[in-house]
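**Q** Input sequences plus hints: build the corresponding full structure.
Residues in the sequence shown are numbered consecutively from 15, following our numbering.
Hints in this document: simulated from the structure, not taken from any laboratory.
Treat the hints with care, since some could be wrong.
Claimed, not checked - Simulated restraints on C-beta separations:
#1 His27 <-> Arg63: 27 to 35 Å
#2 Pro38 <-> Asn73: 15 to 23 Å
#3 Gly61 <-> Ser39: 14 to 22 Å
#4 Gly25 <-> Tyr64: 29 to 37 Å
Ideal placement from N, C-alpha and C gives every residue a C-beta, glycine not left out.
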Amino acid sequence: MHSSSTLQLVGSHGGWRLIDNGKPSFWFLEREQAMAIARVIADSRAGLRYIPTRIEAENEAGELELVASFP
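**A** In structure tokens:
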């Protein structure tokens, strides 16, 4: 069991890859699609499994930045 969780959205092959705790998970054509699924996963982990979850997304400079946190 993880004490915390991190979901990352990174640009990949013209779309967005969702990285789940360091492991590539899903690929999406649009960033907003990826963000919506990341929010569902994070909310479920925090609400049902009591695992605090962060969502980080790659910005235009290619750096990851915190975009949401679910306690």
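**Q** Against this structure, judge whether each hint is valid.
**A** Results of checking the hints against the structure:
no.	hint	verdict
1	His27 <-> Arg63: 27 to 35 Å	31 Å, holds
2	Pro38 <-> Asn73: 15 to 23 Å	20 Å, holds
3	Gly61 <-> Ser39: 14 to 22 Å	19 Å, holds
4	Gly25 <-> Tyr64: 29 to 37 Å	31 Å, holds
Every hint, counting from the list given before, is met by this structure.
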